[in-house]
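One line per chain: the protein sequences are U and D, in this order. So that you can map any letter, position 222 of the first sequence is 222 in full-length UniProt numbering, and since no number is skipped, the others follow by simple counting. So that you can map any letter, position 188 of the second sequence is 188 in full-length UniProt numbering, and since no number is skipped, the others follow by simple counting.
Please note that a few of the clues may not be correct.
What the hints assert, rightly or not - Chain D is nowhere near these chain U residues, computed Cβ spacing over 12 Å in every case: (1) GLY5; (2) THR7; (3) GLY11; (4) ALA15; (5) ARG46; (6) THR52; (7) PHE89; (8) ARG116; (9) ILE136.
As the list claims (entries may be wrong) - Taking CB as the label site, the calculated pair distances span: (10) SER179/D x ARG209/U: 45 to 51 Å; (11) ASP59/D x ARG181/U: 56 to 62 Å; (12) PRO78/U x GLU24/D: 29 to 35 Å; (13) LEU180/U x TRP49/D: 52 to 58 Å.
Source of the hints: derived by calculation from the structure; they are not laboratory data. Note that the coordinates shown come from a computational prediction; the quantities given were computed from them, not determined experimentally. All C-beta atoms in this analysis are idealised placements derived from N, C-alpha and C, irrespective of residue type, glycine included.
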Amino acid sequence: MRHAGFTWHDGALLAQGLGVSLGLFAGTFLIGLVLGSAAAVLRHFRVPTLGTLLHTGLELLRNSPVLVQLFLVFFGVPALLHQPLTPVFAAGLTLSANTAAFVYFIAVAGLDAVGRDQVEAARAFGLSRVQLVRHILGPQALAFAVAPLVGLAVNQLQVTSLVSVIGVVDLTKAGDILNLRTLRPFAVWTLVGVLYFAAAKTLTLLGNRWERRLRAHAAPLGL
Amino acid sequence: MPFDPTVLTSHLDTLLAGAWLTAEVCALGIAAAFSLAAALGVLAVGRGWAGRLARLYVDVFRNVPFVVQVFFLFYGLPEVGVYIDAFWTGVLALGLVGGAYGSDVVRSGILAIEPGVVEAAKVGGLSRLAIIRRIVLPIALRTAIRPLGSVFVNLVLSSSILSMITLDEVTGTARGVASETYRPFEVYAFLLAAYAGLTYAVSLGIDALHRRLNRHMADNGAAPGVIHGAAPGVAHGAMGGTA
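Chain D on its own, in the form it takes in the complex (with noise of 0.2 Å):
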């Protein structure tokens, strides 16, 4: 049977929703993932049980595929009482893996500051909080946006795999849809252009928000390839199957 791409437009709408599932669940996927990231680097850069506990973490999010993380969630968590149905588990499972991902790429980050910066802000009197929330972290976002925006990314690629804990996204809906039609290639093939469209669109809102955070930079971001601070494996990360 040829290539007929027609065949979908009576099932756009049904695509259309999934779409905006996945939409939804990665935007919320992606901002707990962000909190967590900024949390969890900021934890790891220390020397005392805090910083171990929190290396632990994400030794253990980033070693287990999503599958196994989503399924245990899922499936094991009602087991010892604890019940969250699939919207929100998809939320969680996406904040808790991007968070791992993210907090090494926020931590190297951190690292890169130089220490006078930080010791200023010592002797200025600002308090422990204060520092980290007004003199770190923004330095540390200038240099870990990039890398963060392709753990993002991969979040978007990572979110298709909630369709197997029957949250209908879209690629949920796109199975149904090609079982109704019978044809997977055409609905397969729309797919991951969608997706590729999607996290293109990802990067390019991560573009935007490099230039403006580092607005008062000399070469104002417009240098190519700011790869300070990406850990290795971050940039191009499959996240148990992100990708």
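Next up, chain U with everything else stripped away, as it sits in the complex (with noise of 0.2 Å):
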């Protein structure tokens, strides 16, 4: 006999999924805001050579899809490498590299919005490098990337949905077993739908408070 109503442990499943998804979007979110801001420090100092190859490999990465990155890289390294990788570190891997070439050209623009004299009255002071960009560009940096990251964060919480194309079993690859026991696309689909709307709701919300601190300091533009 089949068993094609939906059942209570259904719900356990979705739940188990969406947490999958969740801790992954925040564990490359939080990578791949490390790396790309490093690199656009990196770049800020006009690093040579290095500053540059970055720059093309962030840029190439940007301008791929998701999909096909996952695919290099769950598929291809292995093949190339032999070295098998799990799907967890092939996702985790590419949607940091993935978050972090998004992050770098924020980033970008948030120290280069920084005027180049406060850079200048840092130097006249003697603040080292180091010193410069953890007082002076990395507050400013942030309180003008605040807006584009909330954005970005959205966005990079729904490319995890992708992962379930090389076998990881988020909240979509969650949808799609219980679509293939319950035959009920139409449903199902739409539940799954609903727990990401409210997912990215809930994340647009925290990132709105967060920006409204941030920015706390700044007078309102009176409009």
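Each of the two chains sits in its own frame; use the hints to bring them together as a complex.
Here it is, written out as structure tokens:
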């Protein structure tokens, strides 16, 4: 006999999938944030060769589909290096690098938005480069970059839905499994969509609150 | 095994056929997205129920992953008796999501128009439709075309996801070639570069369009970084796995 109806266990499956999606998102976004900002700082100080190399590589990552990047890492790298990768590792690697590429371009714009005169003033006071980034460039660039970063976070949360293709059991894969058993795709994909929507909305709300706090000291625009 | 791109030469015609299908579905999807973006952008400025509905639409399509939308259209709709084949599902999905992202750009472009211009048109006795068609949209598109371009670039990247609903566009054919040649790295590395080239071509086209739309302006559109009117999160949108 076939058990085609929805059961309580399906709720657990979806919740587990949502947990995997959120965990993967949080981990890769943090790594991407660190790597992307580091690359932007390297570029800001005009590090020769390495800066250009990073710029080209990240530009390529930004301008190619995540799906193809996932295939390249999960199927391509093991074939080339004879080193099998687990789906979660391949997904984590790809999404971190992809996030880093987008963070890099946001961070570069943020760093460029800080006035040149401030950097010169800091140099005149004898601040080291680390101090300059930590006390002068970093905070101001962050205030400038926070809105695009929140938008990026919402997008990257949705990008995690692609890792189901290489076998990570995230929310989309959970929906796929559920769909195969119940054969009710209309209901299943609506439910999965609602869950993603709720997660993305929560993230936007948190981001907006954080943005207000970061900009609290700035004068209102008086529009 | 060393990196050897020459294995691809015997499969080049298959890949090119896939690339052609990608170009077709993207061109139709971008056209649909552009029309929908303009219509929704105009509606979303309004205060009434139409404006609220348009903003709700944008909210839903921006916050649900593209894969889920595609699966809903391709696998979910037949359950309620609506059958659309893979190609047109792809065009529809790209149009729906591109329209949502694009309408935000168009909306901020419209909000940036000086009110006096629209008032002058009203005083001049132009009808509502004429004002939108002749005054509001042409001016809004001048600032909106660059961010719209990033939305379209993202659509091209998103189209790779259509390989998951049996559409044999370039990613789908590449998967076939990869499993036939056992050289996935070469195939996908080539594909990565091909998409980068394709999106570069789209952005070049957008640049030309931007210059043409701004040809009457003093700076001739040559001023770099016209980010005026770009909603946060649009210029770099990944669109649920689009990037």
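Checked hints:
| no. | hint | verdict |
| --- | --- | --- |
| 1 | GLY5 | holds, 15 Å |
| 2 | THR7 | holds, 20 Å |
| 3 | GLY11 | holds, 18 Å |
| 4 | ALA15 | holds, 17 Å |
| 5 | ARG46 | holds, 20 Å |
| 6 | THR52 | holds, 17 Å |
| 7 | PHE89 | holds, 17 Å |
| 8 | ARG116 | holds, 17 Å |
| 9 | ILE136 | holds, 23 Å |
| 10 | SER179/D x ARG209/U: 45 to 51 Å | holds, 47 Å |
| 11 | ASP59/D x ARG181/U: 56 to 62 Å | violated, 31 Å |
| 12 | PRO78/U x GLU24/D: 29 to 35 Å | holds, 33 Å |
| 13 | LEU180/U x TRP49/D: 52 to 58 Å | violated, 40 Å |
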